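Student: Sequence:
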Amino acid sequence: MEKVNIAQHFSMLQETWSSTVVGELNEAAIKLERLQGELAWQQNDQKDELFFIVHGRLLMMYHERNIWVEAGEFIVVPKGVAYKLFIPNGVCQVLTIEPQKAVALKRCS
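Numbering (this note's numbering), first residue to last: 1 to 109.
Some hints here could point you the wrong way.
Pairs of lysine to any residue residues, derived as SDA-like cross-links and limited to a Cα-Cα distance of at most 20 Å, are as follows [stated by the list, open to error]: (1) K31 <-> Q93; (2) K47 <-> P78; (3) K47 <-> G23.
Bear in mind the hints are in silico, worked out from the structure with no lab data behind them.
As the structure is a computational prediction, the values presented were derived from the model and not from experiment.
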């Protein structure tokens with residue numbers, strides 16, 4: 001059991017769309033991500049995904065609606081739901097909890 005300094009890990013992420021795994025929770029990876037701009041449509045057919053906004057804001061886009069998520073807020077994307085991330089201004093720092101197996105994610109159109 002070790003504590004994790006989130007600010008220290010974020011300071012090491014310099015590239016846009018870079019990430020680092022900082023822990024594990026059951027069969028999920030706890031990741032810190034530095035996001036900017038737009039991410040293609042994705043979908044996880046196996047498990048839910050959690051996005052906690054540490055700094056900045058992002059637009060979580062679904063086919064039927066869009067939701068702004070601000071610093072200090074989180075959103076859970078249910079399994080099987082397609083989503084797209086959009087960060088229009090600056091950088092967004094996000095803590096995600098998602099399945100460790102990347103094969104569970106797929107790009108959607």
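Student: Is K47 close enough to P78, meaning Cα to Cα at most 20 Å?
Tutor: 7 Å, holds
Student: Taken at face value, is the distance from the CA of Q93 to the CA of K31 at most 20 Å?
Tutor: 11 Å, holds
Student: When you check the alpha-carbon spacing of K47 and G23, does it fall within 20 Å?
Tutor: 18 Å, holds
When held up to the earlier numbered hints, the structure conflicts with none and fits them all.
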